[in-house]
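Here the protein sequences come in this chain order: A and B.
Numbering-wise, our numbering puts 128 at position 128 of the first sequence, and it's gapless, one number per residue.
Numbering-wise, our numbering puts 61 at position 61 of the second sequence, and it's gapless, one number per residue.
These are calculated hints, taken from the structure and not from any lab test.
It cannot be assumed that every hint is accurate.
Said to hold, decoys possible - Partial list, derived from the structure: chain B residues whose beta carbon lies under 8 Å from chain A: (1) A49; (2) P57; (3) T127; (4) M128; (5) R131; (6) D134; (7) A138; (8) R141.
None of these values were measured; they are calculated from a predicted model.
Where is the CB? At the ideal position from N, CA and C, for every residue including glycine.
Listed here are the chains, written in short residue letters.
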Amino acid sequence: MRLQKATMCGLYAALELAAHADQQISAAEIADKYDISLNHLAKVLRTLVRAKLVESVRGAGGGYRFCGNPKRITLLDVIELFENVSADEPDASQVEAEEKRALDSVLQEIDHITVTTLRSVSITTLLNIMEKQRRGGASAPAERPARRGAVGGE
Amino acid sequence: MSSAVQPAVSATGSVSIRTVRPDDLEAVIRLDEAITGAAKPAYWAKLFAEFEAASDPTLSFLVAEMSGRVVGFIAGEVRAVEFGSDACGWVFGLDVEPGLRVKSVGTKLFDTLCDRFRAAGVSKVRTMLARDNDLVLAFFRSLGMMAGPFIQLEKDLD
C-alpha cells in the first residue's frame, strides 16, 4: 500500500508530537527531521489542528503540541484526514463484466484487511512498536510462511 | 512482551488472577452472554470439563476476581501440528466486565496466560477474532500482537 505524501507527513507529524506530548515542537523541527518542505508541512499541520489532534501554541518557544488521546486515535483516523482508504463497495449498476465483479471481490478483500489493520493500531501502539524496534526486539510481522497446509497437505 | 504484571486497580479494589473453579462457571457464562449477546452455557461447561480433565498444563482457564466477584476471564491452550504451525499458545476466549475496561484487567489476564504458555514450553501466542471487533483487536494490538503468517479462509457450504 502506498500512502500519499500529505498522509505520510500527517502521520510523521502526529507521531512526532505524540511521542513528545509534553513539549511544543516547531514545524521547522519536524520538517527538518523528516526532510519535508515547510510549506507542505504547514498545510498538513493545519489539517491536524482542525481535526483537534494537534494544537498550535503561539509565542516564544511556541510550536505544536499533540492534544488528542493517543490510545484512542488510530492510524486510520489520521490517514482519513488526507485520503480515502476505505474499501469501495461495488456498485451493481456499474459492474459490467463478471470478470470485473470477481476481481473486485478479491481487491475488496485486500482493502478490508488494510482498513482493519489501520483501524486497530493506535498512535500509542505504534509508538510502542517503535520503542520495541529501538530496543532491538522483533521488528516486523512474521514473514515465514507456514511450512505446510492444514491436516498435512502441501 | 514483558511478563511483569502490574497490579490492576479499580475504584473498589485490586484484581487477582487465579485458575477457574467450578463455582465460577455461572459467572463466566453470564459475563460472556452479557458481552457477546449469545448464551453459550453448553460450550463453557464443555470447556470447563475439558479443563478439569486435563492432566497437563496445556489448557488454561483463568478468571479475574475483584472483591470476591468474577469480573473477567481468559481461556487458552497450547496446540501443535494444526495448520502446519509449530506448537504455540492460542487465546480463544477473553472477556472483561465492560465497566472495568481500560483498567489493565485484560492485560493482567493475558500476561498470566502468557506465563502459563511459557511454562508449557512455547514462545509464541496467537489468537483469531472478527475483523469488525475493533475494541478487542485494538486491545491485542496494544499488547504487541501483530498479524502472523497464517490467513484464515472460509466458504459457504452449499
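We went through each hint and held it up to the structure:
Below 8 Å, beta-carbon pairs count as interface contacts, and A49 of chain B has none with chain A, the closest being about 26 Å; its hint is therefore violated. At its closest, the beta carbon of P57 of chain B sits 25 Å from a beta carbon of chain A; the interface hint therefore is violated under the 8 Å criterion. For the restraint placing T127 of chain B at the interface with chain A, the shortest Cβ-Cβ distance is roughly 13 Å, beyond the 8 Å limit, so the hint is violated. Given hint, M128 of chain B at the interface with chain A, is violated; its Cβ is 13 Å from that chain's nearest Cβ, farther than 8 Å.
At about 5 Å, the closest approach between the beta carbon of R131 of chain B and any beta carbon in chain A falls short of 8 Å, and the interface hint on this residue holds. Hint status for D134 of chain B relative to chain A: holds, with the closest Cβ pair at about 6 Å, below 8 Å. Here the hint on A138 of chain B is kept, as its CB sits about 5 Å from the closest CB of chain A, short of 8 Å. For R141 of chain B, the interface hint holds, the least distance from its beta-carbon to any beta-carbon of chain A being 5 Å, beneath 8 Å.
Checked against the numbered hints above, the structure violates hints 1, 2, 3 and 4; every other hint is satisfied.
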